[in-house]
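J.: Here's the letter readout for the chains.
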Amino acid sequence: MTNAPSSSSSQQPGYEPAATPPQVTARRTLLQQTLRDTFTRPGARIGVVWITILATVGIFAPLLANSAPLLIKEKATGAISSPVLSTLRPSDITLAVIYVVTITLLLWKRFSLGQSIVMILAAGLLAFLPSFLLIKSQDAPVYERYRLNEAAGQYEWVVRTIVPFSPNDRVNDVSGTKLKSPSGRHWLGTSIFGEDVLSRMMYACRVALTIGLISTGIAVTIGIFVGGLMGYFAGVFDLLAMRCIEILEAIPRLILLLIITVFFGRSLYLMMTVIGLIGWTADARFIRAEFLRLRNLDFVAAAKALGLPLRSIIFKHMLPNGIAPVLVNASFSVAGAILLESTLSFLGLGLGAEDPSWGQLLNQARSGGTGFNWWIATFPGVAIFFTVFSYVLIGEAMRDALDPKLRKRE
Amino acid sequence: MPEPLLQVRDLNVAFETSRGDVRPVRDVNLAIYPGQTLAVVGESGCGKSVTAMSILQLLPKPPAKYLSGQIFFQGRDLLQLGESEMRSIRGKDIAMIFQEPMTSLNPVYTIGDQIIEAVTLHQGKSGRAASTIAEAALADVGIADPARRLGEYPHQMSGGMRQRVMIAMALSCQPKLLIADEPTTALDVTIQAQILELLRKLQKERNMAIMLITHDLGVVAENADSVAVMYASRVVETATVEELFDHPVHPYTEGLFKSIPKLGADRHRLDTIPGTVPNPQRFPGGCKFHPRCHRMQGDQTCSSVEPNLREVKQKHWASCHRIDGYQTAAVTVPSISHKRQVTAGAATEVSA
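Here the protein sequences come in this chain order: Z and C. Numbering-wise, my numbering puts 347 at position 347 of the first sequence, and it's gapless, one number per residue. Numbering-wise, my numbering puts 130 at position 130 of the second sequence, and it's gapless, one number per residue.
Bound-form chain Z, shown alone:
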């Protein structure tokens, strides 16, 4: 018996023969291939760059926009201190540490995905616990304190943050700061309460990114679970679940969110949860369609014939082969969630005045009572536009990367 020919002579052209050193051939799964194809497209790159900028600005906002100076040297004692540190909350520190670790791991590319996730979580926990224990709850901050002290000549020198105003600093020490158009002091103008618009916009990056990612995360999780079961079992369960989805899809989202905010008050978490809880239907449809296709494929039958448990067949063998359309859809739903939050905030039913968000700033553009305040409308509007646009670009690129007709053969 000769079995050698099958292992060497019947290879496709371009295949590395066994004689060459191992690890030469690319070992990429469909998912990896898709992600790689996605992020080599210029559109997706623009999107990723913009979202990375937003994330960086959002996470380091306390160091970029703060009424407390970065460093001061007091004249009386000669001591150098950093007032900015005392304004940080445990969440600020944790986020910054997670961000730094994540970027390091992404650039280093030494560890597997699983290892990286564990390391990121560990770093987050390590940063959160001490900061949570050490940082005492702060009194209501007195924003103008350092400005007044500086004016009184108490400091030898002061290093300020790029934007020297906290988002909720209404600059009470200076009169007539409300609704000022952009100037050297307030680069993007001030809000109806006299707050710095740029500072608020920087902090609002946090809301914009979290609401999109968390609500989409909730939606995708539910959608995969329900859609997976529908597609796998088909039949009566599929029929009933599909009718439930149709009922759920008939509920107008905006109106439901309005009612919930009216009854349960304004809360970012509530909003994210509700957007997630009603947004999973599209994901479920996608996964269902994929599973209806996959369940008839040979490798699923082979997995069953091997006696693998249902959990493994659905989540390990079918899901990775059918998740791609959901990823595409997810990038669009992130964009949708950001728009939805902005809409609610614009209607005055979003977050409270203490939590800066772009939609809330837009709302101020018309509620100032002095006509159209162009700077409050334009800058947050442009930020919303670019963010939604970025996610849509990423989604488009992913869709193209998944289209077998467009995919180039390697």
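Rather than coming from a laboratory, the hints here were simulated on the basis of the structure. Where hints are given, some of them may not hold.
[Claimed, not checked] Here are the simulated DSSO-like pairs of lysine-lysine, each with C-alpha atoms no more than 30 Å apart in a straight line: (1) Z:K316 - C:K92; (2) C:K176 - Z:K316; (3) C:K176 - C:K315; (4) Z:K316 - C:K125; (5) C:K65 - Z:K316; (6) C:K61 - Z:K316; (7) C:K201 - C:K92.
Based on these hints, arrange chain C on the given structure of chain Z.
T.: Just chain C now, with coordinates in the frame of chain Z:
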């Protein structure tokens, strides 16, 4: 006489459709003994694959339903077992390989991941131990450099390699019965021969029974110990491979043999069986084969009475009213423990 490893008794399977039930498997009786190869032969849609899928209960229910019959495996009726008991038999005691090696492996995992998952599940081994077993399984099916191949993805392999991997995966848990559903149909002829050779070798080493589903009579002649010929959801003839090839008695089996080109014979047009396979939803009355049968001579028996499987000769069952002695033959349960004495190649005059 040993007990059969697997015995299918009067199996009836139906598919519910919007236009009434379709019966892809009717009164099927099969027996496989340890270490034996039973070939199930027939045209597309005759019920071979459905019978195989029924043994592992891989048919989705609904639309499939088991109307009656038993499937005894080592004394237990598989049709009575619950899903979790069935799962512990699949892969461990009865394994299956499929027709299409190109789509039978999950594209997103390395073949090592896939073999190791089965080994971990059925043998309780993990980590390095499972990896060693997977490597040995690949080496057994003649894959060079198995340690490196474990880390490769299915798309990096050719069809023949993938079928070897499928066999390695199916055999990694030492099953007692291997159901091979047209294992070589999608492969080219040289690879076909290698795969069948490999199956024979592994069968001998492990005393494993094989249920070989095929429509290639050459494959049957070279590999089978006993043969069951299926037509229109029934077994129409079953015998040892030598008996069947030397003395086919059913007109359908005869027709199959006549439609194969023979080496050295005068060249003329090949004989064919007239007509086409009947639609399962509109089977003819009486014998399902009678509209295509050359023995049919205006006799009402063939078109009104459905013949059942009778032992027309010693260890040779067939269902046709026109066979000499059929009316007086006994209705017995087909069971052939015979193993071929001849080596492969003895029946080459029918090889395709």
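J.: Quick check: which numbered hints come out false for this structure?
T.: Those not satisfied: there are none.
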